[in-house]
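Whenever a hint applies, use it, and build me the whole structure from the sequences.
Chains as they are written, first to last, in numbering that gives the first Met the number 0: chain A, 0 to 163; chain F, 0 to 778.
Just so you know, nobody snuck in bad clues.
Calculated pairs, DSBU-like style, for lysine-lysine (alpha carbon to alpha carbon, straight line, at most 30 Å):
| no. | chain 1 | residue 1 | chain 2 | residue 2 |
| --- | --- | --- | --- | --- |
| 1 | F | Lys103 | A | Lys57 |
| 2 | F | Lys146 | F | Lys103 |
| 3 | F | Lys105 | A | Lys57 |
Bear in mind the hints are in silico, worked out from the structure with no lab data behind them.
One letter stands for each residue in the lines below.
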Amino acid sequence: MELHGEHRIAAPRPRVWEALNDPQVLRACIPGCESLTEDGPNAFAAIVQAKVGPVRAKFSGRVALSDIRPPEGYTITGEGTGGTAGMARMAANVSLEEDGEDTVLRYDLSADVGGKLAQIGSRLVTSTASKYARDFFSRFGDIVTGAVPLAAADAAENRRLSPV
Amino acid sequence: MVKNRYFGAPVTRNEDEVLLTGRAQFVDDVDLADLLHAAVLRSPHAHARIGAIDTARACARDGVVAVYTAADLGEFWRPAPLVVPPPPIEGLVFNQRTQFPLAKDKVRHLGEALALVVAESRYVAEDALGDIVVEFDPLPVAADLEKASAIASARVHEDVPGNIAATVHQRKGDYAATAREAARIIKRRFFYEHGMAQPMETRGVVAQWDERAERLCVWATTQAPTSLRNGLAALLGINEAQVRVIAPFVGGGFGAKLLMYYPEELLIPWAAIRLAGSIKWIEDRGEHFVATTHERGQIHDAEIALAEDGKILGIKDEFLHDTGAYNPYGLTVPINSQCSILGPYHVPSYDSAFTAVFTNKPIVAPYRGAGRQHGVFVIERLLDIAAREMGIDGTEIRRRNFIAAGAFPYRNEIMFQDFTELRYDSGDYAPILDRALERIDYRRFKQEEQPRLRAGGVRSGIGVVCYIEGTGIGPYEGARVQIQANGRVCVVTGIGTQGQGHYTSLAQIVADRLGVSVGDVDVITGDTDRFYWGAGTFASRGAVVAGNAVYQAAEAVHQKILRVAAEHFSCKEDELIVDGGEVSVAGKPDQRIELGTLATKANPMRGAVSPGTEPGLEATRYFGPESGTVASGVHAMIVEVDPETMMVSIKDYVVVHDCGTAINPLIVAGQIHGGVAQGIGNAFYEQLVFDDQGQLLNATLADYLLPTALDIPPMTLDHTVTASKTNPLGIKGVGEAGAIPVGALFAQALEDALDLPARGVEILEVPLSPSRLWELSRS
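Below, the structure written as structure tokens:
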């Protein structure tokens with residue numbers, strides 16, 4: 000599955016870049032993220048609650064940043080297993096481009112799911128994933144521009160999954 | 000004198016009452032004291048190295064009794080036995096790689112079993128699966144059949160380059176020489192994709208170890224209880240006499256429940272012994288999609304050489320067969336495909352080579368039709384294309400190529416799946432085609448109806464396809480027939496039953512021989528404690544092989560009745576009449592004795608049974624045919640296609656079939672109805688869709704579409720009878736006939752309806768679907 004997207008964020012590129020590298024921001028933006036703990040250089044352990052159609056599972060896995068080109072972009076990869084629900088893998092190239100006062104964030108994301116997630120949810124995987132991606136970047140934009148204070152966005156109850 | 004009162008009559012089924020009132024026992028109905036429940040952890044990867052498996056949390060969960068991984072199995076962990084060895088064909092290469100009870104080191108297909116949890120309830124067992132943590136290191140996946148066959152492909156088994164499971168080359172005559180004489184050669188590539196059986200009842204196993212008796216009792220949804228008993232005893236290191244396998248009522252088998260030593264069939268009994276208790280495992284539908292065998296998956300490059308008059312000079316075919324990650328069922332499916340291409344036609348030369356290929360997909364083993372669909376699709380499509388290119392009517396080109404009625408037994412000079420030469424024992428094909436054309440009114444449709452409909456904008460088309468079905472293969476089956484003291488007749492055989500009507504058809508064979516009502520015959524199947532020997536229910540062989548064993552045992556009991564009654568009445572045997580549940584002396588109405596009383600007399604409490612005789616009115620006989628017997632048929636169908644949605648509506652469906660002497664026309668009709676329904680599913684609804692990572696993308700009945708009752712048309716059935724030469728009853732199998740030619744039939748009828756060839760489009764693949772038809776019609 001491939002997803003591509005573009006978001007205009009009303010903030011200067013250095014600020015966006017800084018936020019992209021802030022674990023607390025990432026945690027607040029990843030839909031269903033219960034925890035994101037840095038456990039190495041640019042590497043994180045993550046626990047994410049996810050739901051695809053009838054399959055709901057808690058994924059534990061790893062998130063890593065690579066190909067880091069400040070402040071132009073990086074590659075974020077993640078993989079996790081959701082026990083009997085199956086597993087998921089994703090990689091996204093994220094790039095930032097200045098456009099006047101704003102920053103344009105582009106991403107090219109590829110993801111694979113396996114096990115029950117694929118068997119039961121394949122019709123729903125693409126739509127679910129694009130919803131997750133949209134959610135991520137709209138929260139991210141809100142936080143970077145200060146529309147929503149980080150502390151509020153990162154509050155546990157706000158990190159819960161919104162209905163798909 | 001024996002009157003045929005029941006044999007051949009449309010007798011309603013003995014078993015229907017218990018089935019329809021819900022009193023029949025299926026595996027899940029088995030309930031035992033202190034029954035434990037099992038769940039299986041399955042691989043979410045199609046190909047991955049297995050690191051550590053942490054079961055500590057699962058073991059600690061309340062209600063969990065045991066958690067087993069491959070490491071716990073000790074000696075029991077070894078590759079499953081090969082169920083069917085490859086036939087002795089010269090030059091054959093076969094790389095045997097069979098599955099394990101639980102994967103160790105590596106998983107090779109989605110759904111492969113990794114761990115077994117035994118708990119107080121299935122709920123707890125399922126929850127505990129989520130507690131198990133497995134480290135996987137994903138490996139490159141060989142998912143696509145053609146790519147997997149390349150030498151550079153990822154390897155399913157590290158020591159098998161090119162994933163070659165087998166190569167087989169069979170020849171008849173000299174194709175290259177005949178091709179040089181040909182007026183026309185037609186060459187195409189055909190695809191036949193994955194599908195699978197979806198029986199109403201999924202698989203299930205209940206195992207009970209009785210520590211005092213030191214006996215294992217296993218209830219299983221297997222089609223081959225005797226072979227499972229033998230295999231379990233061997234693998235568990237106990238005596239066969241310590242193992243009882245019962246296949247009670249089974250809700251559909253279709254090959255998917257054939258013996259192939261499914262991991263659960265081995266693990267549940269093993270764990271029951273280890274825990275000295277009883278364990279139940281019932282497959283859920285989600286598991287069924289990845290843990291039960293699949294079928295289909297072939298790519299054929301075929302060519303046909305024809306003379307000017309449309310007569311076949313020869314066929315050359317080379318194909319790839321997807322065998323999945325392991326090949327426990329040997330080469331049955333691809334050999335059937337190879338043999339089915341010859342069809343009911345005189346093919347002077349044939350050159351056929353195939354490569355069976357390991358892929359990171361669930362195991363491929365026979366599913367109703369068992370490879371015959373693919374072969375029929377190839378030859379029927381080649382003939383359709385030949386007819387079109389040569390300007391001959393499609394039904395005429397078939398008629399010109401039929402094996403002549405006088406040419407039987409007809410030798411094909413290649414080897415069939417039963418290790419004997421593919422030899423057609425009897426047949427007469429032209430009358431079947433004639434009758435099918437008459438029944439569907441082919442001429443009128445082509446000349447009047449179709450032009451009229453087309454003028455009105457209706458996309459209507461017709462298909463007519465022919466096929467043969469090799470049935471009733473050996474090795475043997477046995478039966479014991481016994482008259483009981485109450486006069487009822489007990490028939491016991493080793494085969495299992497999955498809805499075929501054995502309780503009736505076998506009773507019909509006996510009732511006539513013993514002069515009793517069909518309702519007075521109790522048939523017992525699928526219990527290894529009741530009958531020791533047997534092979535199983537598969538390859539359309541139950542009625543043929545077990546039926547003839549039953550017939551011969553009944554005949555022997557009939558002889559015993561005559562001997563004992565002649566002594567009783569002090570008369571000659573030929574003066575006796577065996578009818579109405581009693582024996583009487585002709586012309587002496589007061590001289591009669593009930594069969595039950597006679598049976599008691601034959602088992603006296605005092606005095607002696609004469610030397611050389613046996614007690615009771617009982618006999619056991621075994622029947623093993625020299626070779627299979629070949630049934631044949633023609634399916635014809637008229638369809639209309641909605642040009643907007645490409646949905647197909649079947650307007651008329653005709654099956655004319657020759658299964659030799661029919662035991663029960665109602666049961667034959669039921670087999671054909673069900674087979675056609677599965678054929679329609681295979682042709683137009685069902686397809687297992689895998690991605691390039693070997694993930695199955697439609698493993699629910701919401702996404703894997705089965706045809707519903709609304710999609711199955713009323714059918715017109717008709718029969719011709721060419722008695723089998725391989726067995727005394729003259730019967731041929733009919734279990735798979737309905738399913739075999741439907742893919743080819745759909746392709747032909749849909750091409751006709753949409754007039755695709757006129758636009759240079761040919762249908763060379765199955766399964767189809769409305770969306771695929773849409774793509775094709777616009778290509």
